[in-house]
Amino acid sequence: MNGFQRAGAVARKDLLLEWRGRQTVTAMVVFALLVTLLLGFALGGDSVRASAILWIALGLAAMLGAGRPMLAEAEGETLEALLLYPGSREHLYWGKCAALGAMLLLLWAALLPLAGILFNLDLWDRLPALLGVGALGVAGLAALGTLFAALAVHVRGRELLMPLLLLPVSLPVVLAGVRLTEATLTREAPGLWLGLLAAFDVLFLLTAPLLFEVLMEDA
Amino acid sequence: MLPPPIETQGLSRRFGLHHALRDVTLTLPPATVLLLVGPNGAGKTTLLRLLATALRPSRGGGSVFGHDLVREPDAVRRVTALVGAVGGVYASLTGFENLAFAAAMTGAASGRPDILTLLERVGLGPAGGQPVRTYSQGMRRRLVLARAWLLRPRLLLLDDPYGGMDAEGADLVSALVGEIRAAGGAVVLATHEWERGLTLADRILALVDGRQADAADVQGVSTSRLRAPVGGAA
Numbered sequence: 001m002n003g004f005q006r007a008g009a010v011a012r013k014d015l016l017l018e019w020r021g022r023q024t025v026t027a028m029v030v031f032a033l034l035v036t037l038l039l040g041f042a043l044g045g046d047s048v049r050a051s052a053i054l055w056i057a058l059g060l061a062a063m064l065g066a067g068r069p070m071l072a073e074a075e076g077e078t079l080e081a082l083l084l085y086p087g088s089r090e091h092l093y094w095g096k097c098a099a100l101g102a103m104l105l106l107l108w109a110a111l112l113p114l115a116g117i118l119f120n121l122d123l124w125d126r127l128p129a130l131l132g133v134g135a136l137g138v139a140g141l142a143a144l145g146t147l148f149a150a151l152a153v154h155v156r157g158r159e160l161l162m163p164l165l166l167l168p169v170s171l172p173v174v175l176a177g178v179r180l181t182e183a184t185l186t187r188e189a190p191g192l193w194l195g196l197l198a199a200f201d202v203l204f205l206l207t208a209p210l211l212f213e214v215l216m217e218d219a
Numbered sequence: 220m221l222p223p224p225i226e227t228q229g230l231s232r233r234f235g236l237h238h239a240l241r242d243v244t245l246t247l248p249p250a251t252v253l254l255l256v257g258p259n260g261a262g263k264t265t266l267l268r269l270l271a272t273a274l275r276p277s278r279g280g281g282s283v284f285g286h287d288l289v290r291e292p293d294a295v296r297r298v299t300a301l302v303g304a305v306g307g308v309y310a311s312l313t314g315f316e317n318l319a320f321a322a323a324m325t326g327a328a329s330g331r332p333d334i335l336t337l338l339e340r341v342g343l344g345p346a347g348g349q350p351v352r353t354y355s356q357g358m359r360r361r362l363v364l365a366r367a368w369l370l371r372p373r374l375l376l377l378d379d380p381y382g383g384m385d386a387e388g389a390d391l392v393s394a395l396v397g398e399i400r401a402a403g404g405a406v407v408l409a410t411h412e413w414e415r416g417l418t419l420a421d422r423i424l425a426l427v428d429g430r431q432a433d434a435a436d437v438q439g440v441s442t443s444r445l446r447a448p449v450g451g452a453a
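From first to last, the protein sequence lines stand for chains A and B.
So the first sequence is numbered by our numbering: it starts at 1 and just counts up by one.
So the second sequence is numbered by our numbering: it starts at 220 and just counts up by one.
Be aware that a few hints might be false.
Some chain B residues flagged as far from chain A (calculated, every beta-carbon gap over 12 Å) [to be verified]:
| # | residue |
| --- | --- |
| 1 | G279 |
| 2 | G285 |
| 3 | D293 |
| 4 | A294 |
| 5 | E316 |
| 6 | G326 |
| 7 | L335 |
| 8 | P345 |
| 9 | D379 |
| 10 | S393 |
| 11 | E412 |
| 12 | L417 |
| 13 | D428 |
| 14 | Q431 |
| 15 | D436 |
Derived DEER-like restraints, expressed as beta-carbon distance ranges [claimed, not checked]:
| # | chain 1 | residue 1 | chain 2 | residue 2 | range |
| --- | --- | --- | --- | --- | --- |
| 16 | B | A401 | A | L171 | 41 to 47 Å |
| 17 | B | G383 | A | N2 | 33 to 39 Å |
| 18 | B | L221 | A | A74 | 33 to 39 Å |
| 19 | B | L221 | A | E213 | 28 to 34 Å |
| 20 | A | V169 | B | S277 | 30 to 36 Å |
| 21 | B | G344 | A | W19 | 23 to 29 Å |
| 22 | B | G344 | A | L160 | 42 to 48 Å |
| 23 | B | R278 | A | S88 | 26 to 32 Å |
| 24 | A | A74 | B | G229 | 16 to 22 Å |
| 25 | A | A74 | B | G344 | 30 to 36 Å |
| 26 | A | G195 | B | L221 | 53 to 59 Å |
Simulated from the structure, these hints should not be mistaken for lab results.
All C-beta atoms, glycine included, are put in the ideal place defined by N, C-alpha and C.
One chain only, chain A, in its complex shape (with noise of 0.2 Å):
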């Protein structure tokens, strides 16, 4: 059994227990949603501001629901057995962190026709290359929230404890993330911010692995 395949086996099941409950997605699109209508309003429908706010509803959104999948593991008394799967428990972050990756490209996706009606935006052209930021940005966001939602698992105030923690280290991601938007928005070039971002997510998808083996040793 190849990591590959525990790592699938693990984002398959995260995904069905998701689609069973639907209680973190459903969280994360409301609370995002909210946030992009709420600023929406009191900024004004100005385009300019729209990649900011579209980018704060993401960065937000994580943050409420990064840590749901392993707190429920934690709460049903799984993650133990989970745990004690032998082999690399690399891959089990690997699968969460796909897992999460694929709720908060799917939260995107729901945010940009909003996003196109709200600031009365022509998005069709630049689907692509927005979809193509979301998925950097989302790499980073999930990486990072992978990993501190294993750091948060066993700490009380945990929900409090996740923002904190999780707020200014993917200011990076959410910064580059609101930048390439913008460019890609207005059709000027990215400049450093596309090597930036995938530098971050580069630095994050090597280190938090090896952070989250090292967490996850006396769970």
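Starting from the structure of chain A, add chain B where the hints point.
Leaving out everything else, chain B in the frame of chain A:
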């Protein structure tokens, strides 16, 4: 000569200032069933979790089939299955999906027919397609036993396996224990229902307040000797 299924030296575990387990030293030969008895809080579950590598020892150490509990936890996990007092199964997945996930995680060569046969064997054939949240406690226990069967461990760690089980379920426990012993493996059975456990066990270890209170072969143990550390009748 093959290494023993379990060998521990001064195995201890502390949670903060509380000593859950102190200086447990034991060697278990192959094809042996160890009955672990003791009152609540005696350290039975802690010992099982240490042997399963779910916990790291605070002091002392041990090995499972020659694999060190701290240095080679993955090798220990490949030959061990912990059937806990709490299920460790996903309530929103069906019984079949839970076993398929376990098979995928361990690489157990089990296709759909194998899993269906296993569900039939533990009496969950008709319920295999239903979500586990609709199962009774006994049915969940049977599913966890089916998972242990699927993993084919050489060391089986059973924590209170009779809780919520009917007579047929208890027979399943006996069948699983018998299979592992016949294959040269070992079983540690922690239970308060020690009279039931005595029918399966070769050796007994009694724990009180995290310490080894008594250890003996089953033949050499009288009911009164066993009742003293356990603190009551079965």
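Checked hints:
1. G279: Holds, because the least Cβ-Cβ distance between G279 of chain B and chain A comes to about 16 Å, which exceeds 12 Å.
2. G285: holds, 16 Å
3. D293: violated, 6 Å
4. A294: Per Cβ check, A294 of chain B is inside 12 Å of chain A; nearest 8 Å; violated.
5. E316: Its Cβ does come within 12 Å of chain A, the nearest being 7 Å, so this is violated.
6. G326: violated, 3 Å
7. L335: Fine: 19 Å to the nearest Cβ keeps L335 of chain B off the interface.
8. P345: holds, 21 Å
9. D379: holds, 14 Å
10. S393: holds, 23 Å
11. E412: Given that every Cβ of chain A is farther than 12 Å from that of E412 of chain B, nearest at about 22 Å, it holds.
12. L417: For L417 of chain B, whose nearest Cβ neighbour in chain A is about 28 Å away, the distance exceeds 12 Å, so it holds.
13. D428: holds, 23 Å
14. Q431: holds, 24 Å
15. D436: holds, 30 Å
16. B:A401 with A:L171: 41 to 47 Å: violated, 60 Å
17. B:G383 with A:N2: 33 to 39 Å: holds, 37 Å
18. B:L221 with A:A74: 33 to 39 Å: holds, 37 Å
19. B:L221 with A:E213: 28 to 34 Å: holds, 31 Å
20. A:V169 with B:S277: 30 to 36 Å: holds, 32 Å
21. B:G344 with A:W19: 23 to 29 Å: Given about 25 Å between the Cβ atoms, the range holds.
22. B:G344 with A:L160: 42 to 48 Å: Because 46 Å falls inside the window, the suggested range holds.
23. B:R278 with A:S88: 26 to 32 Å: holds, 27 Å
24. A:A74 with B:G229: 16 to 22 Å: Because 31 Å falls outside the window, the suggested range is violated.
25. A:A74 with B:G344: 30 to 36 Å: Taking Cβ atoms as reference, A74 of chain A and G344 of chain B lie about 32 Å apart, which means the hint holds.
26. A:G195 with B:L221: 53 to 59 Å: holds, 56 Å
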